[in-house]
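A.B. asks: Sequence:
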Amino acid sequence: MAGSDAQSPNPAALLAVHPFVVGMEEAQLRRMSECVTTLTHFDTDQVIFHAGGVARALYLIRGGDVALEVAAPGMGTRIVATLHGGDALGWSWLFPPYRWAFDARALAPTEAIVLDGEALRRCATEDRELGFHVVWRVAREMADRLQATRLQMLDVYTERR
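Count the sequence shown with this note's numbering and you get residues 1 to 161, in order.
Accuracy of the hints is not assured; some may be wrong.
Listed next, with one range per pair, are the computed distances between beta-carbon atoms [to be verified]:
#1 Ala108 - Arg128: 34 to 40 Å
#2 Gly53 - Pro9: 24 to 30 Å
#3 Leu154 - Val47: 25 to 31 Å
#4 Arg150 - Pro9: 19 to 25 Å
#5 Arg150 - Glu118: 18 to 24 Å
#6 Leu154 - Pro97: 20 to 26 Å
Hint data in this document are derived by calculation from the structure and do not stem from the laboratory. Note that the Cβ used here is the ideal one computed from N, Cα and C, for glycine as well.
With the sequences and hints as input, model every part of the structure.
C.D. replies: Next comes the structure, spelled out in structure tokens:
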């Protein structure tokens, strides 16, 4: 596993306590930990990925805040969601054509466990139980974000009296 040494925390051990995997069986967790590549840090305002770029990773945020942004022609960028510690960042690695749909930028110093998307897809295909857990959790994240976006749109477009 890249990025680990005797002085740094073990990313696989950190994975075991992340909300995304809590409740998985030991066998699925062990298999998923094989896909962990590193524990990474992002500085405030650091871009994590750009819309349209190749989606190669799942980021499990341990701490910090990340903005998902979209370019609004003539208006700059707009934050469509803000993610925090305990959230999963990125699901585009799971679905063809494997391209990011948004920009992601750290709003504060952020730490994340990085999983190799291709390896995780391969593991999920080979281990159907793991595949079920991963897809179910990604779907839950997507549903939560859709609900949050709906509420945000209601707030933005509700007539002020």
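A.B. asks: Tell me, in ascending order, the numbers of any earlier hints that this structure violates.
C.D. replies: 4, 5, 6
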